[in-house]
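Here the protein sequences come in this chain order: A and B.
Position 387 (the first sequence) corresponds to 387 in this note's numbering; numbering is contiguous.
Position 15 (the second sequence) corresponds to 15 in this note's numbering; numbering is contiguous.
Hints should not be assumed to be uniformly reliable.
[Stated by the list, open to error] Derived DSS-like pairs (lysine-lysine); straight-line CA-CA distance at most 30 Å:
(1) B:Lys48 with A:Lys83
(2) A:Lys251 with B:Lys48
(3) B:Lys14 with A:Lys83
(4) B:Lys94 with A:Lys370
(5) A:Lys362 with A:Lys403
(6) B:Lys40 with A:Lys267
(7) A:Lys362 with B:Lys40
(8) B:Lys94 with A:Lys385
(9) B:Lys84 with A:Lys403
(10) A:Lys362 with B:Lys83
(11) A:Lys83 with A:Lys281
(12) B:Lys94 with B:Lys48
(13) A:Lys230 with A:Lys243
(14) B:Lys40 with A:Lys71
(15) A:Lys384 with B:Lys14
(16) A:Lys362 with B:Lys2
(17) A:Lys370 with B:Lys40
[Unchecked claim] Covered, in the sense of this in silico footprint (three residues per stretch, anywhere, with C-beta under 8 Å from a C-beta of chain A), are these stretches of chain B:
(18) 35-42
(19) 60-66
(20) 80-89
Read the hints as simulated data drawn from the structure, not as lab findings.
C-beta atoms are modelled at their ideal positions from N, C-alpha and C, and glycine is treated no differently.
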Amino acid sequence: MNQTIEELHELLKEKKITSQELVQESLKKSHEVQEKYNAFVTILDEAKATEITDNPLSGIPFGIKDNYSTKDILSTGSSNTLKDYIPIFTATAVEKLLNAGAIPVNKTVLDEFGMGGTGTSGHTGIVLNPWDPTRMCAGSSAGSACAVASGVYPYALGSDTGDSIRKPAAYCGIVGYKPTYGMISRYGVFPFASSLDHCGVLTRSVADAAIVVDNMKGIDPQDMTSWDSKDLHLYEHVKDDVKGLHCCYIKELCNIESYPNPTEELKSHLENFKNKLELCKELGIEIEEVSVDSALLEALPSVYVAISCAEATSNMSNLTGLIFGPRGEGNNVFEMMMNHRTHGFSPLIKRRFVIGSYILQKENQERYFKNAQRVRRLLVDTWKKLFETYDAVILPVGTGPAKHLDGDKDILSHDTEVLEEHLQIGNFGGFPSITLPDGFINNLPVALNITGNCYNDETVLKIAYALESKMNYKNQIAKEGK
Amino acid sequence: MKFTSELVDDLAAKLLIGLSKEENQMVLDEFNIIDENLSKVENIENIKNVTPMTHCLDDFTFTLRGDETTESITVEDALRNCKKTEGREVEVPKVVGGDN
Chain A
1 MNQTIEELHE
11 LLKEKKITSQ
21 ELVQESLKKS
31 HEVQEKYNAF
41 VTILDEAKAT
51 EITDNPLSGI
61 PFGIKDNYST
71 KDILSTGSSN
81 TLKDYIPIFT
91 ATAVEKLLNA
101 GAIPVNKTVL
111 DEFGMGGTGT
121 SGHTGIVLNP
131 WDPTRMCAGS
141 SAGSACAVAS
151 GVYPYALGSD
161 TGDSIRKPAA
171 YCGIVGYKPT
181 YGMISRYGVF
191 PFASSLDHCG
201 VLTRSVADAA
211 IVVDNMKGID
221 PQDMTSWDSK
231 DLHLYEHVKD
241 DVKGLHCCYI
251 KELCNIESYP
261 NPTEELKSHL
271 ENFKNKLELC
281 KELGIEIEEV
291 SVDSALLEAL
301 PSVYVAISCA
311 EATSNMSNLT
321 GLIFGPRGEG
331 NNVFEMMMNH
341 RTHGFSPLIK
351 RRFVIGSYIL
361 QKENQERYFK
371 NAQRVRRLLV
381 DTWKKLFETY
391 DAVILPVGTG
401 PAKHLDGDKD
411 ILSHDTEVLE
421 EHLQIGNFGG
431 FPSITLPDGF
441 INNLPVALNI
451 TGNCYNDETV
461 LKIAYALESK
471 MNYKNQIAKE
481 GK
Chain B
1 MKFTSELVDD
11 LAAKLLIGLS
21 KEENQMVLDE
31 FNIIDENLSK
41 VENIENIKNV
51 TPMTHCLDDF
61 TFTLRGDETT
71 ESITVEDALR
81 NCKKTEGREV
91 EVPKVVGGDN
């Protein structure tokens with residue numbers, strides 16, 4: 001299980017290992033990881049081997065974030081409001097993997113309904129970082145990141161509304177890829193903010209990410225925002241030459257002078273990032289520094305909160321506890337719903353819903369919701385303008401390695417740094433975006449991100465693959481106190 | 001805008017959500033930050049002339065499904081996760097009239 005999909009497929013085809021052996025190893029590892037890091041809501045001990053075909057995913061175990069519906073398998077969204085919910089259908093993305101012969105072995109913990117960035121708000125408890133259990137995995141795809149980094153399997157599914165695949169991948173030293181919006185059907189994935197929600201995958205190599213998304217993508221009549229991507233062949237082009245491509249980084253985010261009181265971690269992180277830009281140049285990629293409007297960047301975190309909370313509030317109105325989920329107590333339906341929601345939701349998502357409700361009140365829509373959507377367009381237009389000149393934007397992820405569990409409370413504060421939040425622009429524009437490990441600070445992994453224009457997933461992946469090939473972090477397995 | 005804990009409780013009540021004192025304060029604190037940040041947005045030149053962006057892909061063409069009968073779920077499946085049912089229906093306390 002410490003190997004890539006490419007390697008495992010070869011071993012399976014040559015009959016050096018069997019699918020059954022992989023399943024048993026993955027389940028054994030799942031229980032160990034659960035004991036140490038609390039990464040799973042459900043471990044599927046009855047998982048069975050599948051036939052080995054030409055599909056590279058056949059016979060190989062994987063994990064499913066617990067906001068993907070899985071027929072006859074508990075699917076909670078890591079919320080008490082769905083703690084006993086068993087779907088009657090399977091999400092399209094999962095169905096496609098099952099058809100490819102892939103084997104789900106567990107459902108992974110997330111921040112409740114994906115609405116958090118710490119991996120601490122799931123109803124089954126906090127997910128610990130496998131590099132250092134005093135630190136967070138980030139979220140919301142915390143369990144998936146933890147499990148892939150721990151070597152439970154080569155990949156797990158994630159969803160990404162702000163940075164929920166890409167930030168946990170960074171904190172856990174692995175690859176996190178969200179393709180262009182709508183490339184993967186969202187049918188059967190619990191919605192958070194529909195205009196920002198993306199499906200994607202966490203892996204330990206860029207090529208593996210390409211293989212998995214090749215198998216997940218495709219137009220789906222059940223998701224009217226999905227589109228036909230049959231002409232995109234991610235794995236086929238992942239090793240293509242990158243010489244002559246143009247990339248840029250944003251001065252306001254990457255220069256240490258932008259930060260009045262930088263920590264040593266931030267200094268090291270940005271210095272390490274700049275060193276990796278030199279590797280890009282060695283690959284023949286032209287790198288340029290560009291400048292964008294600081295006022296737009298500074299508005300980003302609040303704009304994201306405004307849009308995501310408003311959409312979340314609309315999406316969660318069906319959580320009543322009457323038709324599914326545990327029933328609340330009360331003498332009438334209103335008391336029952338009040339009881340269900342008050343005791344079912346964690347404080348963090350209650351806050352999201354209340355903020356969303358305020359923003360959606362008729363008298364507030366213009367000032368908050370519409371203005372947030374206007375800034376969204378300005379930011380996306382700024383990035384689209386960059387993509388007229390550059391094939392991708394390369395930026396560091398976050399302000400350094402994984403944060404301590406007793407630090408970040410996942411709430412906006414005056415000192416929220418745009419550097420922590422800039423991946424949200426990828427969701428605003430639906431841009432293909434991949435995070436990959438680019439070094440270590442204090443024995444903890446750090447990462448960079450590559451984002452390109454919509455539909456240019458092949459370009460984004462080949463840049464990531466080329467850069468990964470110049471570094472030593474491909475397929476790394478987490479070790480405590482490395 | 002002056003945000004108060006009463007306003008927060010009122011918004012929560014509209015959503016049928018009860019908040020503790022701490023939860024109320026948490027929302028209140030964040031309201032102030034969002035308000036302050038989005039106030040700055042109003043200073044961006046010509047912001048009112050920008051068309052709000054409601055979805056990711058501007059070039060997207062929605063394809064409606066054909067008006068054809070497709071596979072449906074059974075009543076038993078639809079009620080499978082419901083805790084209280086009566087025949088083909090979800091059972092809840094009486095909504096109109098009566099003591100409850």
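Consistency of the hints with the structure:
1. About 44 Å separates the Cα atoms of Lys48 (chain B) and Lys83 (chain A), which puts this hinted pair outside 30 Å; it is violated.
2. Of the pairs offered as hints, the one joining Lys251 (chain A) and Lys48 (chain B) holds, with about 28 Å between alpha carbons and a cut-off of 30 Å not exceeded.
3. For the hint linking Lys14 (chain B) to Lys83 (chain A), the alpha-carbon distance of about 24 Å falls within 30 Å, and the restraint holds.
4. Proposed proximity of Lys94 (chain B) and Lys370 (chain A) is contradicted: the alpha carbons are some 40 Å apart, above 30 Å.
5. Under the criterion of a C-alpha separation no larger than 30 Å, the hint pairing Lys362 (chain A) with Lys403 (chain A) is inconsistent with the structure, at around 38 Å.
6. A C-alpha spacing of about 29 Å is found between Lys40 (chain B) and Lys267 (chain A), which places the hinted pair at or below 30 Å, so the restraint holds.
7. Taking the CA atoms of Lys362 (chain A) and Lys40 (chain B), the gap is about 21 Å. The hint holds against a cut of 30 Å.
8. This hinted pair does not check out: Lys94 (chain B) and Lys385 (chain A) have alpha carbons roughly 58 Å apart, beyond 30 Å.
9. Annotation: proposed proximity of Lys84 (chain B) to Lys403 (chain A) is violated, straight-line Cα distance about 44 Å (limit 30 Å).
10. For the hint pairing Lys362 (chain A) with Lys83 (chain B), the CA-to-CA distance comes to about 36 Å; that exceeds 30 Å, so the pair is violated.
11. A hinted pair counts as satisfied when its Cα atoms are at most 30 Å apart, and Lys83 (chain A) with Lys281 (chain A) does not qualify at roughly 50 Å.
12. At most 30 Å may separate the alpha-carbon atoms for a hinted pair to count; Lys94 (chain B) and Lys48 (chain B) exceed this at roughly 48 Å.
13. Taking the CA atoms of Lys230 (chain A) and Lys243 (chain A), the gap is about 26 Å. The hint holds against a cut of 30 Å.
14. Of the pairs offered as hints, the one joining Lys40 (chain B) and Lys71 (chain A) is violated, with about 47 Å between alpha carbons and a cut-off of 30 Å exceeded.
15. Distance restraint check for Lys384 (chain A) and Lys14 (chain B): the Cα-Cα separation of roughly 39 Å exceeds the 30 Å cut-off, and the hinted pair is therefore not satisfied.
16. For the hint pairing Lys362 (chain A) with Lys2 (chain B), the CA-to-CA distance comes to about 17 Å; that is within 30 Å, so the pair holds.
17. Restraint check: the Cα-Cα separation between Lys370 (chain A) and Lys40 (chain B) comes to about 14 Å, which is no more than 30 Å; the hinted pair holds.
18. With a threshold of 8 Å between beta carbons, the proposed coverage of the region 35-42 of chain B by chain A holds, since 5 of its residues qualify and at least three are required.
19. For the region 60-66 of chain B, the stated coverage by chain A is satisfied: 5 residues place a CB nearer than 8 Å to a CB of that chain, which reaches the threshold of 3.
20. For the region 80-89 of chain B, the proposed coverage by chain A is satisfied: 5 residues have a C-beta within less than 8 Å of a C-beta in that chain, meeting the threshold of three.
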